[in-house]
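*Asks:* Residue strings, one per chain:
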Amino acid sequence: MASRFITIWFKYLKTDWVTLRKPTLAQKPFVLALPSHGKLVITATNKLAAIEGIEIGMAVADARAIYPALEVLDDRSELSEKLLKGIAKWCVRYTPMVAIDLPDGLILDASGCAHLWGGDTPYVKDIIARLKLLGYAVKAAMADTIGAAWAITHYSRNIVIVESNEQATALLDLPAPALRLEPAITERLQKLGLREISSFMHLPKPSLRRRFGPQLLLRLHQALGLEEEHIVSIKPIIEFQERLPCLDPIVHAKGIEIAIERLLQTLCARLKKEGKGLRKAILHCHRVEGKIEQIEIGTHQPSSSVQHLFSLFEIKIGSITPGLGIELFIMEVPVVEIAIPVQEALWNTGSSLDAAPLSELLDRIEGKLGPGHIFRYLPDEHYWPERSFKHATSIHEKPLIPWKKERPRPLQILNHPERIEVTAPIPDYPPMLFRYKGKLHKIMKADGPERIEQEWWLQEGKHRDYYAVEVEDGCRYWLFRLGHYDAAKTYEWFIHGFFA
Amino acid sequence: MAAKSSIIARLEKEILPLQGFTKTTANAALDVNLGPMRKAFPFSQFPTGVMHEFMFSNVEAAAATGGFVSVILASLMRNAGACIWISNKKNIFPSALKAFGVLPHHVIFIQVTKEKDIAWIMEESLKCEGLRAVVADIPELSFTASRRLQLAVEKSKVTGFILRQNPTRVSTTACVTRWKITSLPTQTFNNMPGIGFPKWNVELLKVRNGHPGKWQVECVAGKFRHFSIAAQVEKIAHKKVG
Numbered sequence: 001m002a003s004r005f006i007t008i009w010f011k012y013l014k015t016d017w018v019t020l021r022k023p024t025l026a027q028k029p030f031v032l033a034l035p036s037h038g039k040l041v042i043t044a045t046n047k048l049a050a051i052e053g054i055e056i057g058m059a060v061a062d063a064r065a066i067y068p069a070l071e072v073l074d075d076r077s078e079l080s081e082k083l084l085k086g087i088a089k090w091c092v093r094y095t096p097m098v099a100i101d102l103p104d105g106l107i108l109d110a111s112g113c114a115h116l117w118g119g120d121t122p123y124v125k126d127i128i129a130r131l132k133l134l135g136y137a138v139k140a141a142m143a144d145t146i147g148a149a150w151a152i153t154h155y156s157r158n159i160v161i162v163e164s165n166e167q168a169t170a171l172l173d174l175p176a177p178a179l180r181l182e183p184a185i186t187e188r189l190q191k192l193g194l195r196e197i198s199s200f201m202h203l204p205k206p207s208l209r210r211r212f213g214p215q216l217l218l219r220l221h222q223a224l225g226l227e228e229e230h231i232v233s234i235k236p237i238i239e240f241q242e243r244l245p246c247l248d249p250i251v252h253a254k255g256i257e258i259a260i261e262r263l264l265q266t267l268c269a270r271l272k273k274e275g276k277g278l279r280k281a282i283l284h285c286h287r288v289e290g291k292i293e294q295i296e297i298g299t300h301q302p303s304s305s306v307q308h309l310f311s312l313f314e315i316k317i318g319s320i321t322p323g324l325g326i327e328l329f330i331m332e333v334p335v336v337e338i339a340i341p342v343q344e345a346l347w348n349t350g351s352s353l354d355a356a357p358l359s360e361l362l363d364r365i366e367g368k369l370g371p372g373h374i375f376r377y378l379p380d381e382h383y384w385p386e387r388s389f390k391h392a393t394s395i396h397e398k399p400l401i402p403w404k405k406e407r408p409r410p411l412q413i414l415n416h417p418e419r420i421e422v423t424a425p426i427p428d429y430p431p432m433l434f435r436y437k438g439k440l441h442k443i444m445k446a447d448g449p450e451r452i453e454q455e456w457w458l459q460e461g462k463h464r465d466y467y468a469v470e471v472e473d474g475c476r477y478w479l480f481r482l483g484h485y486d487a488a489k490t491y492e493w494f495i496h497g498f499f500a
Numbered sequence: 001m002a003a004k005s006s007i008i009a010r011l012e013k014e015i016l017p018l019q020g021f022t023k024t025t026a027n028a029a030l031d032v033n034l035g036p037m038r039k040a041f042p043f044s045q046f047p048t049g050v051m052h053e054f055m056f057s058n059v060e061a062a063a064a065t066g067g068f069v070s071v072i073l074a075s076l077m078r079n080a081g082a083c084i085w086i087s088n089k090k091n092i093f094p095s096a097l098k099a100f101g102v103l104p105h106h107v108i109f110i111q112v113t114k115e116k117d118i119a120w121i122m123e124e125s126l127k128c129e130g131l132r133a134v135v136a137d138i139p140e141l142s143f144t145a146s147r148r149l150q151l152a153v154e155k156s157k158v159t160g161f162i163l164r165q166n167p168t169r170v171s172t173t174a175c176v177t178r179w180k181i182t183s184l185p186t187q188t189f190n191n192m193p194g195i196g197f198p199k200w201n202v203e204l205l206k207v208r209n210g211h212p213g214k215w216q217v218e219c220v221a222g223k224f225r226h227f228s229i230a231a232q233v234e235k236i237a238h239k240k241v242g
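Those protein sequence lines, which keep their order, are chains Y and D. Heads up: the first sequence begins at 1 in my numbering, then just goes up one per residue. Heads up: the second sequence begins at 1 in my numbering, then just goes up one per residue.
Hints may contain errors.
Computed spacing ranges between beta-carbons, pair by pair [said to hold, decoys possible]:
no.	chain 1	residue 1	chain 2	residue 2	range
1	D	Asn166	Y	Glu453	56 to 62 angstroms
2	D	Asn190	Y	Ile426	25 to 31 angstroms
3	D	Arg225	Y	Ile426	34 to 40 angstroms
4	D	Ser57	Y	Lys404	27 to 33 angstroms
5	Y	Gly372	D	Arg225	40 to 46 angstroms
6	D	Arg10	Y	Gly438	55 to 61 angstroms
Calculated lysine-lysine pairs in the DSSO-like style (CA-CA distance at most 30 angstroms, straight line) [stated by the list, open to error]:
no.	chain 1	residue 1	chain 2	residue 2
7	Y	Lys235	Y	Lys280
8	Y	Lys404	D	Lys89
9	Y	Lys85	Y	Lys404
10	D	Lys90	Y	Lys280
Anything over 12 angstroms on all C-beta distances counts as not near chain D; from chain Y, calculated [to be verified]:
no.	residue
11	Glu166
12	Ser233
13	Val251
14	Leu458
Honestly, the hints are just simulated from the structure, not real lab data. Computed from a prediction, not measured in an experiment: that's the story for all the values here. Using N, Cα and C, we set each Cβ at its ideal position, and we do this for glycine too.
Could you put the whole structure together from the sequences, leaning on the hints where they help?
*Replies:* Below you can see the structure in the form of structure tokens.
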């Protein structure tokens, strides 16, 4: 199938945008300017200013001489890129491949898209009409090559569509700069009287290359379709992506539900066929007025189950604001993994960490609460209690070392050890009394000390001498002394946990 | 007369499944050495697939309750079963679970502060057949909420444990049992110095279709060891004389 490209030229991109924000400017000539080499230079004009004869690159002082009431506003250097990016995202409704053509254009790869709008002409007309509604003056053209489309957009008055393989004829009458050449080359062509493309198109290639360098030939061939030209889409093309345009804008939750279900059905069928499961999916809802709402889900295990994925999306439907209505749904699956098919068991083996219902449950919980609430712990090779366990990265991660149970560890632990007052005989006996939260506890039995040294390569500080103690009423505590007994009495006692 | 009593016994047995009790097979029954505690429960088995409720007031009792629950969890989670532990703060030391026989990496901890979220997660988890048990900190539990949870477990056969610290109101709930666990001074072999096995005073305050009771147990290698209360009293009396 032949490629089809559309180029869109925003003649007054920045000024149109300013007019949208300040409608009072619509009736006046105004320009945007940036200081350069000590003077204000015009970087954009609106249509009325252009009619007055003011051009881009003029100094503001000169322009004021032509039109004294000229309004001058400050420009920003990255403004056009920002605006084009926004419009490019909006244009994703027409094709998934949209590229920015700085300073004032967009390139759309429309191969195989136009028939959805009923042919090339209605397609391009729809784009132009919709952009005009948004408030931008545009010119657009469609051709088999980017070069031809660009030339027609910028230099032809009437042609909008160049039929397939007709680009050579369409280019004949256009001036040489339509080929996107460097000014130096255009100037040289001009000097030699080669004003139109037709005048040098059929000249022998070696002589063209010798006189004008390789760029002219490259651009000519790109425009004619003899040389491939690639565009960089604003969004990387995602392999697993489904689109669902709606005839009428959707405003109800039920409609969104149906859309999600349909998208998931086609996606999951594809995933299943390829033996894959999704780990992450994003639903983009393109609203009528151009805003994009999105919701995202993640799974703990690759999944291609419509029912489960739908239940994850269902939790988040409430966060979509449909506004005036949603006209396009796009479901993207950026993370896919190979799903190991589950062996069917004759009997239910019951529960384990690998069970599908469990990972589906965790997906739902994480979907509702967000990340950072679900923890699973594995033993770590540290004696320091706070570091003796680590977070598991996945539900399937198995402990590499066994859990230690030689030394007593309390079931309830304080996140930060708390200071206590203690009466203890020195040098290494367990305490006799301690006061915690205002209550005096008399210690009846004790085990210890268990000395745990600081890991000097991780943290500096004193060691801890831990004692497990039991008080009169049978409650058991985990206490420690920080540091050695010494004459300066720098040691401190802490409570760190409660034994069962 | 004999015929009448046997009819009543039969009818009682028919009522039990309707109330959510099912006789578990020998394989699924807990092997925690219930001992005299057995008599308190219908079918003389620790009820699984139901909701249990634990009351306690302070952090020391929370640790004791956690220990008792862990012993039962260990038995429920035999053969690589998984469990979810929902809490409102990070206070469980995973390494300590190992001492009660629970594999800490088979426990999924979920930490949330909002009570509404805890209740939602609890209900969703109890419906999940991939789990053996769910433990949750829910201080305030209304009858309606407990009924929802009980209905969820009756279908999925997951066992639920609700830990209630300092509830402001203690009303009737749909939980099958209500427990209170407190620490007791430990005993060592031949009164040697040091701390012995964890020992608890276990009070079964309520049990549906059973007999509430009070026991003293020790946890030894993941199983209960029972003490007769009478013997304990006698011992203390003996000491006084001596």
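*Asks:* Hint by hint, say whether it matches the structure.
*Replies:* For each hint, the structure was consulted:
1. Between asparagine 166 of chain D and glutamate 453 of chain Y the beta carbons are some 38 angstroms apart, a value that contradicts the proposed interval 56 to 62 angstroms.
2. Checked against the hint of 25 to 31 angstroms, the pair asparagine 190 of chain D and isoleucine 426 of chain Y passes, with Cβ atoms roughly 29 angstroms apart.
3. For the hinted restraint 34 to 40 angstroms between arginine 225 of chain D and isoleucine 426 of chain Y, the CB-CB distance of approximately 37 angstroms keeps it satisfied.
4. Evaluation of the 27 to 33 angstroms hint for serine 57 of chain D and lysine 404 of chain Y yields a pass: the beta carbon distance comes to about 32 angstroms.
5. The hinted range of 40 to 46 angstroms is satisfied by glycine 372 of chain Y and arginine 225 of chain D, whose Cβ atoms lie roughly 41 angstroms apart.
6. As the Cβ distance of arginine 10 of chain D to glycine 438 of chain Y is approximately 58 angstroms, the hint placing it in 55 to 61 angstroms holds.
7. This hinted pair checks out: lysine 235 of chain Y and lysine 280 of chain Y have alpha carbons roughly 17 angstroms apart, not beyond 30 angstroms.
8. Distance hint between lysine 404 of chain Y and lysine 89 of chain D is fulfilled; the C-alpha atoms sit about 24 angstroms from each other, no more than 30 angstroms.
9. Our distance criterion of 30 angstroms between C-alpha atoms is broken by lysine 85 of chain Y and lysine 404 of chain Y, whose separation comes to about 56 angstroms.
10. Between lysine 90 of chain D and lysine 280 of chain Y the alpha-carbon distance is near 28 angstroms, which keeps this suggested pair within the 30 angstroms criterion.
11. Once the 12 angstroms rule is applied to beta carbons, glutamate 166 of chain Y is consistent with being away from chain D; the minimum gap is 62 angstroms.
12. Every CB of chain D is more than 12 angstroms from the CB of serine 233 of chain Y (nearest about 40 angstroms), matching its label as outside the interface.
13. For valine 251 of chain Y, the shortest C-beta to C-beta distance to chain D comes to about 28 angstroms, beyond the 12 angstroms cut-off, and the non-interface label holds.
14. With a least CB separation of 18 angstroms from chain D, leucine 458 of chain Y remains clear of the 12 angstroms interface cut-off, as annotated.
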